[in-house]
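> Take a look at the letters that make up each chain.
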Amino acid sequence: MPPIKNLIGSPALASPTPAAGGGQAQPGPLIERFLRAGLDASAGSVRQRSVSIPPGVDWMRLCTVAYRCRIAPVLYQSLRQASAAVPTDVLNWFRTQHYETVARNMALLNELREVLGWLAEASIGSMVLKGPALGDLGLGAARISSDLDILIHNHDLRQADAILQRRGYVPWAEHHNHNHRWYGRPAPFGTSVVELHFDISDRARNYRPDLDGLWSRSRLTTISDVQMCVPDLADHLLLTIMQLPHHHWAVRLIVDLWQVVWRWREQFDWAAVLDRATSWQMSVLTRSTLHALWAMFDAPTSPWVIARIRPVGYLERMQWRAAKCAIAEQLHYPFRPKVTLLVPFLMVEQVRRVPAILVRRSLGSGGSPDESPVTKATRRGLAGVAALPAIGKVLLDSIGRSTLRPGWPT
Amino acid sequence: MVVEMSARVRRNAQVAAHELGGSEGGVLLHLTSGQYHRVDSVGWAIWSLLDGSRSLGELADALRLQYPDAPGRLAEDVQGFVQDLIRRDLAEVIPAEPGGQGE
Chain A
7 MPPIKNLIGS
17 PALASPTPAA
27 GGGQAQPGPL
37 IERFLRAGLD
47 ASAGSVRQRS
57 VSIPPGVDWM
67 RLCTVAYRCR
77 IAPVLYQSLR
87 QASAAVPTDV
97 LNWFRTQHYE
107 TVARNMALLN
117 ELREVLGWLA
127 EASIGSMVLK
137 GPALGDLGLG
147 AARISSDLDI
157 LIHNHDLRQA
167 DAILQRRGYV
177 PWAEHHNHNH
187 RWYGRPAPFG
197 TSVVELHFDI
207 SDRARNYRPD
217 LDGLWSRSRL
227 TTISDVQMCV
237 PDLADHLLLT
247 IMQLPHHHWA
257 VRLIVDLWQV
267 VWRWREQFDW
277 AAVLDRATSW
287 QMSVLTRSTL
297 HALWAMFDAP
307 TSPWVIARIR
317 PVGYLERMQW
327 RAAKCAIAEQ
337 LHYPFRPKVT
347 LLVPFLMVEQ
357 VRRVPAILVR
367 RSLGSGGSPD
377 ESPVTKATRR
387 GLAGVAALPA
397 IGKVLLDSIG
407 RSTLRPGWPT
Chain B
73 MVVEMSARVR
83 RNAQVAAHEL
93 GGSEGGVLLH
103 LTSGQYHRVD
113 SVGWAIWSLL
123 DGSRSLGELA
133 DALRLQYPDA
143 PGRLAEDVQG
153 FVQDLIRRDL
163 AEVIPAEPGG
173 QGE
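Protein chains in written order, with our numbering: chain A, 7 to 416; chain B, 73 to 175.
These are computed hints drawn from the structure, not numbers from a lab. In this text the structure is predicted, and so the values were computed from the model without any measurement. Be careful, since some hints might not be right.
[Claimed, not checked] Simulated restraints on C-beta separations:
| hint | chain 1 | residue 1 | chain 2 | residue 2 | range |
| --- | --- | --- | --- | --- | --- |
| 1 | B | S105 | A | H159 | 29 to 39 Å |
| 2 | B | Y139 | A | Q171 | 44 to 54 Å |
| 3 | B | G106 | A | R385 | 27 to 37 Å |
| 4 | B | G124 | A | T228 | 18 to 28 Å |
| 5 | B | D161 | A | S129 | 28 to 38 Å |
| 6 | B | P143 | A | P192 | 39 to 49 Å |
| 7 | A | R316 | B | A134 | 55 to 65 Å |
| 8 | B | G106 | A | D304 | 34 to 44 Å |
| 9 | A | G174 | B | D161 | 21 to 31 Å |
| 10 | A | G123 | B | D161 | 17 to 27 Å |
Note that the Cβ used here is the ideal one computed from N, Cα and C, for glycine as well.
Work the whole structure out from these sequences, hints included.
Below, the structure is given as C-alpha cells:
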C-alpha cells in the first residue's frame, strides 16, 4: 500500500520553470511522437505504446512549446509512462500543469452551473459551446479552457446582459463584436470570463452555420452533475473546425478534433457531416482539416472518407498543404511562425474572397482592441512580408500531386 | 485540534473533487478560496468514504478492506489525514447529536 502522504499544496505556476536542458534535439518531432502515441489514451488513463526519447532533448524548450501550444496536460499523459527517461523536475512541471488544468476546469464548471442556472430562471434558452462540452467529448479534464462560451438566442441578449451585470459580470465592450459579447468578474481562481454568443457565423470568411438547425439538433447532457444543452455531435465537430482560422490552426484544437473523430468515429454519418460542411460554406476548411488529422496524426478515417477529403485541383492542394504547414510550424518553430499567420486568410470556398480578406486585415480590422489600427496594420504587413518565402514554398510544392501523401510537411 | 476516532466527518460542500484516474488520486478545489489540493490514491479513497455516515474508526476499517496489506497504524494515518483536511477547510466534523453516542 502506498504511504498516505496526502495533500500537496497549490503552487501557482505562471510560467514553465524546469531545469534547463541544454541539449540539441529540438522538441517538435518529440512532441509530435508523443502526441501520436498518446492521443488515443482515454481521459484519465495511460497509454500503452511507448515512445523512445532521444538523447540531448532540450527539455526547457519542450516545456515552453507545450505551454505555448496549451497541450501540456495532454502530453503529461504520454510523458508519465516514459517517466524513467524524463527528468524528474520536467515530469513534475507537467504534472503540476495537469493538476492546475483539472482544478481550473472544476472552477469553470462551477461557474457554468451558476450562469446556466440564472439563465434558466429567466427562461432563456442556452447552449454550451466548446469548453466543458468539448472536453466531455474528448480530453475530459485535461483540456485547457479559459472561458465559458454560451450561445443564446439573439432576442434574449438584452435580458441575458442585464442578468450577468446584476450578478457582478462587467461587460468588456472593447471585445464585443458582431456575434458575441464578453463579460468578466473576479473569482477566487482568477477572473471568470463568459463569452455570450448570439450568432456564430464568420462573416469575413463567409462561413454560415445553420443557426436554427443548430438549436433544433441540440441535445441535453449532464457533465459533472451540471445539466446543459450542447450541440449535436456533428455540429460540435464543425463548430470546432470553424474555430481553426481564428486560432491559427492551434494544436490544442487539432488535438480536440482528433479526440472527437477518434472517440466518436462510429457515431458519425460522414456523408451528412460533409454535406453539412458544404451547406455551411466550409467544405474546404472541413475537408482539409480531416485530411490533416488523417495524414499527420493517423486519425482513423475510412477509405470512403479519405476519397472525399482529398484536394481537387491546384488551389485545394495549396490550401491543404498550407493548413498542414501551419500545424507543423507551431510545434517546430512556435516563435517564428510564417505560414501560420497567412493561412487563416486562404481557407475560403471562393478564392475571390481572399484579396478582400487580406486587404481588410492588412488595414488593421479585427484582432486585439488594445492595439492601434496603425500598429496592427504595420505588424501584419511585416509578418506578411516575412511569410512570403514560406508561402512561396507552399505554392511551389503544391504543383506536384505527390506532395499530399500522409506525413508531416517538410 | 485532535479529531476523535469516534467522530463523524463529512466533505465540505464548498469543495469540488475530481478523480484523476489510474493511480494518480484526485484534485480537490475549494470553491470559495480558489485553493486546490492534490490527494494521492489512498487520500482519494479516504475522501470518497468521507460521506459522514461512519466514524473515523469505521472509515479506517472500510479502508483496510480496500488495502488488505495496510500497515498496523492505518487508523492513526487516517486520523492525521482527516485532521489535515479539516485544517484546510476541506472537511468538517459533524456535530454530535445531544444524547448520542461516541462523541
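> Tell me the hint numbers this structure goes against, listed in increasing order.
none
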